[in-house]
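Modelling step: build the complete structure from the supplied sequences, incorporating the hints.
Protein chains in written order, with this note's numbering: chain A, 1 to 244; chain B, 1 to 244; chain C, 1 to 244; chain D, 1 to 244; chain E, 1 to 244; chain F, 1 to 244.
Because the hints were derived from the structure by calculation, they are not lab data.
Some hints could be false.
If chains are identical, the list can't say which one is meant, so a pair holds when it fits in one copy or spans any two.
[Stated by the list, open to error] DMTMM-like mimics (lysine to aspartate or glutamate), calculated; alpha carbons at most 20 Å apart, straight line: (1) K88 <-> E133; (2) K6 <-> D76; (3) K47 <-> E116; (4) K120 <-> D42; (5) K208 <-> E27; (6) K47 <-> E27; (7) K47 <-> E21; (8) K47 <-> D19; (9) K231 <-> E193; (10) K47 <-> E3; (11) K228 <-> D76; (12) K109 <-> D74; (13) K204 <-> D19; (14) K7 <-> E114; (15) K7 <-> D42; (16) K235 <-> D42; (17) K204 <-> E193.
There are 6 protein chains.
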Amino acid sequence: MLEDAKKQLYAALPYANIDPESVLRLESPEKTIEVSIPMRHDDGTLKMYNAFRCHYDTTLGPAKGGIRYHPHVDKDHVQALAFWMTFKCAAVKVPFGGAKGGVSIDPKKLSNRELERISKAYISAFADFIGPEVDIPAPDLGTNERVMGWMYSEYRRIRGGNPRAIITGKPVPLGGIVGRSSATGYGGYYVLETLLNKYLDKIKLPSKDNLRIAIQGFGNVGYWFAEKCFKNHIKVVAYIFRYL
Amino acid sequence: MLEDAKKQLYAALPYANIDPESVLRLESPEKTIEVSIPMRHDDGTLKMYNAFRCHYDTTLGPAKGGIRYHPHVDKDHVQALAFWMTFKCAAVKVPFGGAKGGVSIDPKKLSNRELERISKAYISAFADFIGPEVDIPAPDLGTNERVMGWMYSEYRRIRGGNPRAIITGKPVPLGGIVGRSSATGYGGYYVLETLLNKYLDKIKLPSKDNLRIAIQGFGNVGYWFAEKCFKNHIKVVAYIFRYL
Amino acid sequence: MLEDAKKQLYAALPYANIDPESVLRLESPEKTIEVSIPMRHDDGTLKMYNAFRCHYDTTLGPAKGGIRYHPHVDKDHVQALAFWMTFKCAAVKVPFGGAKGGVSIDPKKLSNRELERISKAYISAFADFIGPEVDIPAPDLGTNERVMGWMYSEYRRIRGGNPRAIITGKPVPLGGIVGRSSATGYGGYYVLETLLNKYLDKIKLPSKDNLRIAIQGFGNVGYWFAEKCFKNHIKVVAYIFRYL
Amino acid sequence: MLEDAKKQLYAALPYANIDPESVLRLESPEKTIEVSIPMRHDDGTLKMYNAFRCHYDTTLGPAKGGIRYHPHVDKDHVQALAFWMTFKCAAVKVPFGGAKGGVSIDPKKLSNRELERISKAYISAFADFIGPEVDIPAPDLGTNERVMGWMYSEYRRIRGGNPRAIITGKPVPLGGIVGRSSATGYGGYYVLETLLNKYLDKIKLPSKDNLRIAIQGFGNVGYWFAEKCFKNHIKVVAYIFRYL
Amino acid sequence: MLEDAKKQLYAALPYANIDPESVLRLESPEKTIEVSIPMRHDDGTLKMYNAFRCHYDTTLGPAKGGIRYHPHVDKDHVQALAFWMTFKCAAVKVPFGGAKGGVSIDPKKLSNRELERISKAYISAFADFIGPEVDIPAPDLGTNERVMGWMYSEYRRIRGGNPRAIITGKPVPLGGIVGRSSATGYGGYYVLETLLNKYLDKIKLPSKDNLRIAIQGFGNVGYWFAEKCFKNHIKVVAYIFRYL
Amino acid sequence: MLEDAKKQLYAALPYANIDPESVLRLESPEKTIEVSIPMRHDDGTLKMYNAFRCHYDTTLGPAKGGIRYHPHVDKDHVQALAFWMTFKCAAVKVPFGGAKGGVSIDPKKLSNRELERISKAYISAFADFIGPEVDIPAPDLGTNERVMGWMYSEYRRIRGGNPRAIITGKPVPLGGIVGRSSATGYGGYYVLETLLNKYLDKIKLPSKDNLRIAIQGFGNVGYWFAEKCFKNHIKVVAYIFRYL
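As structure tokens, then:
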């Protein structure tokens, strides 16, 4: 997956004026940490789970990226996602590098208690690798603000104080930002709106009234994107449920 | 390679009274860190090298294990060697867990300056993961006391003080132990001597006078083993030069 | 005193929709530290003083609360005041938890040098328990900006740097905020003004012209409240000097 | 209870040549920390428990003292026990000050899981107050080497590494000392033996053969004391089961 | 040089209402650190260089001041410059104290590689003495944003993370501020402009049209000052190249 | 004074096989810190004192050296003494580097309270530069075990715990070593004894019976040396009181 991701880099190179040594550095992730987390399930059985965190490149600032819970998560997967985060942050000029983390687990098969346990175990395993000037995790596929809340509470318990800047996407009463859950979906919609309003001549999109939209996924992103479309009278004709 | 190593664990299980949850934990390495180290060669070219450190299991004490420089080094390689270190330390009841580290590089192709640079870069990349109560590196294949000296000096430069307990195998003036270089080879010889003196009836070895020995490798271990054999009139009939 | 304070909590519960486990947590202070501070008086005698700091609840942010010098200060007293700080911060939605500290001493019987000594001893005794993301002390009954200045200077001396965010109510040249001393009294007046201007129909207050005010205490709060009343032609008819 | 304990100090003063300022300091505990620990029971209910740690006096070295689980534990109780630890360490000239900790809980009413949870919560709540040069806890009434093992594992989990010197009385494989469990009981017996062998003329004890012993308590101390008596043919005529 | 600088203080005293104890403190630098830095030149020779950092006074905030590379740099030189920084910061009411650092070296005789090596050695030698709340270095004579970039990169390498606030004057992509290089020269010009526009009657300057300007030095300051003069039609009639 | 000291190094060089780069490093002190300490005298006046600490060379281990109170103390003085400490430690093969510190003050003119204040101020000013693996101060001219006791108590007060290894020469109850005060004088005597017993033929000393000794200084060293001479019937014919 990282090899695929890097093909995008190579494809973009001819269009950028970038010195070869920078390319060399962008080809390799700075640091990847892999831990085995033992978790006791509600039925008493103990299982080991592989957990990851990759800081792909931090030249432009502290690493930023979500924590994904999904059975497909492995080292390669996390490195590729951290690679993309590096370019996403650079493209929009926020002063962050790219990171990603995850656990190879299916969150849908976990009880709330189990989800809480694996989340607290994750953040305590990686507590030395994060921080406001180092790496700031966030929710991603399979995690949400409740998971971030558990992680923040556990971090507070083991390190003390109220270091709110160590993780984003927390519940609002614990220092999360209002509007965070809808931000990604709304953001997507605003991109669409800008395209329609300003660049219609440059791209091959039908006009707003004739636009027919299919949304892939209906989670935290798709839901709020759809809501905006609905309110703005843009037709959503299909939802495609599949991920990864 | 780790899978192979674990087969030895499974083969040993029937002979040990070990609870299944402990086996479960021994099947997975606690923590593995992987970094990309940029190194400028004497000719001015910059290359990236993969470097690793694995703490396999630290239940019995701080992790202990060498740093290997060899082109074959990769994550699997380092994890397997750290797995064996775990059992080696446990078998001789020293209060240490098992670790291993390494760089995927051929030290024979490096100048002294390059060797110094990669060694100093290695220890500064992993400085947060080692320490007297955490993980204490040591020389291994492709590294030696001079390399440990460079690493110790760099660690002192970036962290300050004289924390001698952070690495073993240092040169004697920097706090290394007299007799360290010959220790592994001599140790092997003392095992042989004990077998010949006390257990000759239980094993299928010829008596000391008829013994003919072939030594695989002639580095830091083979050399001193051979020296002991020579002084004790045990015939060494062949040296096999090949490693890994 | 804490038991009394909790009665207010129980009285408020029927009006709030609050889950019983949260009540359970609000009934007990998170952490209370109690130290004995030896202080040599100007006449050469050494006396021991009890000093306290309580972090009542820090769910909503770092603990915030003053340091009180008063003979009545004891553990119960400090916990009750920290309990109220928790609710005060929550009520006005500032992202802080509730704390309070104090020394069981009568500041009026101390010379300036003694006051400086006890203040510096207090902050060095509690230096490990405060910090911008942990607990930020402030002046309270019996302490003022000069005391905060001594505490800040001592903290700087023993920990180094210029960590201005560790204490509020400092003298302006050391990083204090202009207008700090009058803030509490003015704040009280603005509450009064808002009541008179907007809610006169809902409360049983005479109109501004007929209002006759008695002020309990004439310290840092009462003084500035009175000054505002005077400037705004509100009649202050009595000052009641008594505290606690 | 501390007031009672201090009466022993006052009773001893006429026999010691001790300056009044030292007495003054010995009358007050240096530092006492009190936290509220939320613990979810196996049946799902959440309860709050009061937990304590007192460093009574650390002039002679890091504080040393056990962690007691008992319903009678409160601040006064813990301070009195820490007071006695101060004098015990001083009397036998080990370079330690006196400490004690505890939780107000009945360990006999807890399941193993609950006991593990409260123990891990205790050590993480007090992790900032202990350390090899600060305060080294140990087992006491209601706790044992398994509890110390849980505490050590949790401390390792949240702080990292293998800091074995932070707690004593751990299980042997985790760095505990062989013979630890029998040490207190054996120690008591050796005192008795010394009295019988060397000081029989100075004290009013019957000779070894006529001695009849009643043991109060039959826990970790009484058991091993009794075993020694039995092996040495000293008659134990009664066991008194009651504690505190 | 510091003695000379202090004469300015003494000359100013009659005009200021400043208590004698504050003068006493302003006469002595708070802290000066001096280290010997070994640097291997490109030709293989090793030379030792004296490097300095002085925190003159930090009452008003963290120390602030540049790092100078010049053969004249010595302890006295650095202390005098730090003295002036103290007053410069105080005069413009920025909440900083005064600092200065430097290396006794001629940067014009160094290759780029040598300049990089001495810069990285400097920042790692002084890494314990700087920080956002302690002392924040900046470029000065003989150093520039590239040097700051090397220093920042080395600091990141040895301490980890992205602590951008530890040094100012960094290249923009590493967190530097746009407009930083021209700021000092422009600042000088704006002072001139203000004099001409508002205070012409109070000072003996010719009017803007008749003004003839000589610029001493044509580095980072003189260049941008001249550029502003040119654009605003103020005549620059001479450049004087000499420094110190 | 350092230049004089280095002449001894140059004089010794022809007799040693030492590479020129090592000489280069030995010519410059690694690190020297200089602070201004404000101290309020008993009569209320505030004075500034210059205080120093030099780590001359730490290749062989943490820096070791005393703290001197004497009006002659300045940077050069302290560097020269630290230079000698480096060679003293190396000569007797203890794993320490060389350090020295001091205050430019006449301790004979200070009251006990002033001496305590300056000593506590010294150790808090240099607390960041010392430590068991960094630099371990000790008494020297003008300081003694009481001064070390004050310094240790102050260090404990500001940093916490019982870090006994941070300073030597403490009073015995605070962790000092029995026999410390007489150690230097006795050591000198044992050197004399060894010369007389083993090397009389190689040196130009009279035999023990004819020996006549003049002792320069009669402080902590001279006193105990004289006591040994007296007990061993070696004639001391003169005491010379003068120092430096």
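How the hints compare with the structure:
1. K88 <-> E133: Cα proximity of K88 and E133: one copy only (19 Å, versus 30 Å across).
2. K6 <-> D76: within (12 Å within a copy, 23 Å between copies)
3. K47 <-> E116: For K47 and E116, both the intra-copy (15 Å) and inter-copy (19 Å) Cα distances are at most 20 Å.
4. K120 <-> D42: Intra 15 Å, inter 19 Å, cutoff 20 Å: intra and inter.
5. K208 <-> E27: Answer is neither: 40 Å inside a copy and 57 Å across each miss the 20 Å cutoff.
6. K47 <-> E27: Answer is between: at 11 Å across copies they meet the 20 Å cutoff, but 34 Å inside does not.
7. K47 <-> E21: between (43 Å within a copy, 9 Å between copies)
8. K47 <-> D19: Cα proximity of K47 and D19: across copies only (14 Å, versus 47 Å in one copy).
9. K231 <-> E193: within (13 Å within a copy, 43 Å between copies)
10. K47 <-> E3: between (31 Å within a copy, 18 Å between copies)
11. K228 <-> D76: Neither way: K228 and D76 sit 34 Å apart in one copy and 48 Å across, limit 20 Å.
12. K109 <-> D74: Classified as within: same-chain Cα gap 18 Å, cross-chain 33 Å, threshold 20 Å.
13. K204 <-> D19: Neither. Shortest intra-copy (33 Å) and inter-copy (54 Å) distances fail the 20 Å Cα cut-off.
14. K7 <-> E114: Intra 38 Å, inter 31 Å, cutoff 20 Å: neither.
15. K7 <-> D42: So K7 and D42 fail the 20 Å test inside a copy (43 Å) and across (30 Å) alike.
16. K235 <-> D42: For K235 and D42, the Cα distance exceeds 20 Å both inside one copy (45 Å) and across copies (51 Å).
17. K204 <-> E193: Intra 14 Å, inter 54 Å, cutoff 20 Å: intra-copy only.
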